[in-house]
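Participant: Listed below are the residues making up each chain.
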Amino acid sequence: MMTPMNICSWYDSPPPLESLTREADQDWAEGAVSRQPLVRRPPPRRSWRVSWPRPPREGEGFLAVFTLIFALLAGFLTPTFVTPAVAAAPAASAQACLTCHGLPDLKRTLADGTTLSLHIDAQHFSSSVHAALDCTGCHSNISLTNHPPAANPIASRRAFSIEMVRQTCRNCHAAEFDRWNHSVHAALVREGNPVAPVCTSCHSPHTMTKGASQAMATVPCRSCHSVIFNAYATSVHGMLRSQGVTAAPLCFNCHGAHDIAVASAGVGRRDACLACHVEAVASHRSWLPNVELHFAAVSCPVCHTPQAHRVVNLILYNSTTQEQISRPVGIPEFENLMSPTAQGTGLDPNTLVTLLTTLNTRGVEGKTSIQGRLEVSTGVEDHQLTAAASAISDCSVCHRKGAAAFQSVKVSVAGPGGIPVNYAVSNAVLTSIMSIPSVGGFYAIGGTRIGFLDVLFILAFVVAVGWSCLHLIVRWGVHRYRNRIAEGEEKGQG
Amino acid sequence: MMQRTYLHPLPVRIWHWINATTCVLLFLTGIQLRYVGLVNVVPFRIAVAAHNWMGFILIANFFLWLGYYLSSPRIRTYHAELNPVKYFVGSIRQTIYYSYGIFRDLTPPFRPTVYRKFNPLQAMTYQILMLILLPVQAITGLLLWNLVGFQRMVSLLGGVRVVDTIHVLIFVFFAFYIPAHIYLGTLGRTPLTHYKEMITGYEEQDEKGAEAAE
Numbered sequence: 056m057m058t059p060m061n062i063c064s065w066y067d068s069p070p071p072l073e074s075l076t077r078e079a080d081q082d083w084a085e086g087a088v089s090r091q092p093l094v095r096r097p098p099p100r101r102s103w104r105v106s107w108p109r110p111p112r113e114g115e116g117f118l119a120v121f122t123l124i125f126a127l128l129a130g131f132l133t134p135t136f137v138t139p140a141v142a143a144a145p146a147a148s149a150q151a152c153l154t155c156h157g158l159p160d161l162k163r164t165l166a167d168g169t170t171l172s173l174h175i176d177a178q179h180f181s182s183s184v185h186a187a188l189d190c191t192g193c194h195s196n197i198s199l200t201n202h203p204p205a206a207n208p209i210a211s212r213r214a215f216s217i218e219m220v221r222q223t224c225r226n227c228h229a230a231e232f233d234r235w236n237h238s239v240h241a242a243l244v245r246e247g248n249p250v251a252p253v254c255t256s257c258h259s260p261h262t263m264t265k266g267a268s269q270a271m272a273t274v275p276c277r278s279c280h281s282v283i284f285n286a287y288a289t290s291v292h293g294m295l296r297s298q299g300v301t302a303a304p305l306c307f308n309c310h311g312a313h314d315i316a317v318a319s320a321g322v323g324r325r326d327a328c329l330a331c332h333v334e335a336v337a338s339h340r341s342w343l344p345n346v347e348l349h350f351a352a353v354s355c356p357v358c359h360t361p362q363a364h365r366v367v368n369l370i371l372y373n374s375t376t377q378e379q380i381s382r383p384v385g386i387p388e389f390e391n392l393m394s395p396t397a398q399g400t401g402l403d404p405n406t407l408v409t410l411l412t413t414l415n416t417r418g419v420e421g422k423t424s425i426q427g428r429l430e431v432s433t434g435v436e437d438h439q440l441t442a443a444a445s446a447i448s449d450c451s452v453c454h455r456k457g458a459a460a461f462q463s464v465k466v467s468v469a470g471p472g473g474i475p476v477n478y479a480v481s482n483a484v485l486t487s488i489m490s491i492p493s494v495g496g497f498y499a500i501g502g503t504r505i506g507f508l509d510v511l512f513i514l515a516f517v518v519a520v521g522w523s524c525l526h527l528i529v530r531w532g533v534h535r536y537r538n539r540i541a542e543g544e545e546k547g548q549g
Numbered sequence: 009m010m011q012r013t014y015l016h017p018l019p020v021r022i023w024h025w026i027n028a029t030t031c032v033l034l035f036l037t038g039i040q041l042r043y044v045g046l047v048n049v050v051p052f053r054i055a056v057a058a059h060n061w062m063g064f065i066l067i068a069n070f071f072l073w074l075g076y077y078l079s080s081p082r083i084r085t086y087h088a089e090l091n092p093v094k095y096f097v098g099s100i101r102q103t104i105y106y107s108y109g110i111f112r113d114l115t116p117p118f119r120p121t122v123y124r125k126f127n128p129l130q131a132m133t134y135q136i137l138m139l140i141l142l143p144v145q146a147i148t149g150l151l152l153w154n155l156v157g158f159q160r161m162v163s164l165l166g167g168v169r170v171v172d173t174i175h176v177l178i179f180v181f182f183a184f185y186i187p188a189h190i191y192l193g194t195l196g197r198t199p200l201t202h203y204k205e206m207i208t209g210y211e212e213q214d215e216k217g218a219e220a221a222e
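Just so you know, the sequences run in chain order D and L.
Here our numbering runs 55 ahead of the position in the first sequence, where the first position is 1.
Here our numbering runs 8 ahead of the position in the second sequence, where the first position is 1.
This is chain L alone, in the form it adopts within the complex (with noise of 0.2 Å):
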């Protein structure tokens, strides 16, 4: 018998459909502006106007994120582990499920609960991504966005060239990130199951999951 667990909700999945559709979009119009010639699917302005408001977006949905969940108690979910052996046997056992455990068949190692949703990888990538990653792509691209008005605080950071450099490092990142997220999306109990809690909210886990979980 399925027990289902309300893991997102509604502000939860605005937040992370409209951050995904901007992600991309970010992506590839950043593709599209950084290899003109190769890549030639807009004009050049209209990339970067496009460019240009999907980062406003993402920026004003970051703090939608922020704003709900600093003031719901799931926050817990984005609390870092403190104890490293804890999270590091963690993402060890993690890593070995979807290594071996996932083909398998094998209990996996980590079922999401309210406070708890996130496993030990998506825990750390996901506090890496939200509170580091994702901020300084949002400042570094508001300074590419206007930097004869910010022309001191890129100075002070070295110059355009270097702003441009850590902008497009995290690029780098996300071209590694995406199309992960978007596979590992598909490793729950049908490839679709994922994708489907996102839009529902509810995760349905079986007894054997529901007792790992507990």
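The shape of chain D in the complex, shown without the other chains (with noise of 0.2 Å):
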């Protein structure tokens, strides 16, 4: 059985959200608007209910009903978007609508049985950025034939968040759309991943304000990555950040908006870094030996989280594209020579070998290699980087025997969306000379060395230096000896 070690270790706490079926992401991810539901599901038996706090009372139900009646008018008469930037305050139809959802306590119960509160908090709503905005500027399928509906059309409330994503935050914002469409969220979310982020789930529609995404208070990253969000707030981007310095960096500035990558995936660090560090190659220079080499092989919170713990990631890479190859599906051999990773002794040298050969002749397009890098273990220590003066500078902490950079190694493949599922591979891997096959493509000095080229070293050395020393005593007792009898010949001549 294969156990990945970590496929997603990043969601550190998912907010309770229903699974999509995949016949729906599919027509989303083809761009298609469709205004049908996103969940096909069997009519509910129970006819949609609202929730009331408390019955209406005689000539409120009119008095609702006209004031929502000339609010869907008003908006049918007038421009249906407006720029948040001029909102100020809700537009008059959504007073209209507030008058019902402005309830605290309005809830309906949705087709799976759980409830979406239908409540909007006016206060947060007129300083949002949609304030100005009409209600059906959003809520277009809503109209007086059909509110409240005789049916309830909602499935969940994730199928609901998805329906609003497709049919209105696209409308008029296309391109953050777009972006987001390539992101990792997205590829989740096409998965069938139940808690990937939609547009609502971090812009909550009816309380945004312009820059809550950009402060460190209220940036949306932190609701669900709230472990690693709490370990970047101590290190030093997030202490600076937290004393004003809008120059350092928040989740955004890394990791882009709306088209957010796999962070782990081969030098996007690196990259994310150096964007803002520009002379950060021309600085390391100076001391560092071998740059280029270290930039692209040793992700940067290895030395600057120096309280991390790290691992040697060997990526699993095609050599014609130079991509990290998805996990093989349909080849038995592979889960079986995965299969030690699941009693946790990690593949040995000749297992990771004969991986890299079955890959290689079963029909996988180029040729499977491996590409090695150190990184630090999880994403947290990621996170936790320190001031450069801190920074590991010490050559000897990895370049030696034993190092404990050299100690947890692993094999990774591209899972759903690009993240990586690990496998786990006996340290024995770096230091073997049975892996120059394997791991041809990763060595540290020093650090990797192979055992039996030590060997080898000392073999020779001893060899060499003991048959001059043997050959130099033999030479002397000769002479001496020979002297000795020469010695003698002339005494016994004298």
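Hints in this document: simulated from the structure, not taken from any laboratory.
Possibly wrong hints are sitting among the right ones.
Residues from chain D that keep clear of chain L, each with C-beta distances beyond 12 Å, as calculated [stated by the list, open to error]: (1) Arg212; (2) Arg225; (3) His332; (4) Ser381; (5) Ser432.
Selected chain L positions facing chain D (in silico; Cβ < 8 Å) [said to hold, decoys possible]: (6) Tyr43; (7) Val44; (8) Val156; (9) Phe184.
Quick reminder that beta carbons are idealized off the backbone N, C-alpha and C, glycines included.
Could you fit the two chains together into a complex? Lean on the hints.
Facilitator: As structure tokens, then:
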């Protein structure tokens, strides 16, 4: 059995959302705008029901319906999109909607049995960037004839969120939607991940204010990635940001705002760092040998998070495309070869060679090779960066036998959305002569030296010195013996 | 009476001593680089810089050697012996001399001349050393010096570990060669004879040796 070590470690506190169907996601991924519900299910037996806080008194219902009609008519006769920058207060029609939706306990039961709060906080909404928009600007499928609908069309909160993203957010925020659609978040949504964020997961449409996503206290990433955010908050970046240094990066500065890629993929981390620290290569060159190689093979946090646990990531990649290969599917040998990882022993050097041979003989396009990178072991450690003065600058921390940096090894392939799937590997692969054909792409002088070559070296030196000494001793002994004989002969002749 | 033969012209002597110095320093800094923690003579960074500079000097010096011999009739000393029987017999004689004859103070089976200054064992060793091992060591050293710049070539060879293993295997050869070469240098008429020859350029031969050379 395969046991991925850490498929999705950066989800530390996922919100409870329902899953998607792949059918709906496919439609979405192709950019088709559909008005059909995302999740097609049999019609619910129970008709939709609004839970009123109290029964409406006589006359209140008429007043509410009259106000709603007026508001909707007003909405149809006015532009439906107002630039948020000029928005100051809710549109008049919104006031009508808030007559009902301003009630705190207004909610409805969805088809899956969960409840959806229909309450809109008027005060928060009035200060949000969407305040000046008419309600129907976003909820355009609501009309007098169908609101409230006779049947419940919402399968779940998750389905409702995704439906709104497809129908509404992208209408005004097409560029952001397109970028998001190419992100790891969207890839995970397409894979059916129930917690991967859509627009409304990060940007609450009724309360969001301008700049909220760019402030430490309200940056939306922290709601899912709280553990990582806490690590960031204590890092040199987080400390500076909290002190008001806006040049210090917040989440989106490194990861992007909507087109968020897998942070651990290849040299992504390095490039994110160098985007701000443009002088880093030059400043490292003044003291660090082979700078380009270090920047390519060693992740920045390896030195700049000194207390981190380090791990050698042996990335299975396609030599032709120079990209990490996806987790092989339908190759039983792969599953069998990976079985030691389930027992915690990790792949040994011979198995790793067999794995590569298997992958290269099973019709995988291009040659599969291994590219090694030294990384820190968790996303939390990736974010615990310290000031440059505290970074590791002692070469012997890594370039020595038994260095802590080379005690943990993993093999990784790309999982859903490009998120690495990791398998444990014995650290013997870094020092075994058997690993030359497999781990050819990773080597650290001193740190991962091959033990067999050390034996050869000692043997060669000892044989050369030993033979020389032995020859010298025999020469000296024979010379002395011959001199004695010669002296004896001279004495005898004398 | 001694006969003096000018065996080692000035360019060869200059090349030899630069080569000897850089090889020894490369060997020592190589030990420092490979065995950080066990050997801590100089800081790692200085060892890296010294190793790199010595490597470049060695490569430049190699071209001095190559240029001199390509433009000199003395290149015949590096010509391979094409008669295997003659080569084999000469090697056996030289081995027997080192193993037995030298203790009995017998006449060496080979005496150098201007155009044939290496005995069969030396000739084989130096041909392999100068035409194969040293160039391979220089090339692998260059690749390791700038792995990113030479990424394509490194990948073609099988990766950095393959390149490093070749480099270390030749380092292992030098672990044998350097002490053996230093010791064999003492097997002249006196322990310092050959060392003096590599300084003055002249080899002194007694009549017995001169006859052997003829």
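Participant: Could you work out which of the previously given hints the structure breaks and list their numbers from low to high?
Facilitator: Hints that this structure does not satisfy do not exist here, as all of them hold.
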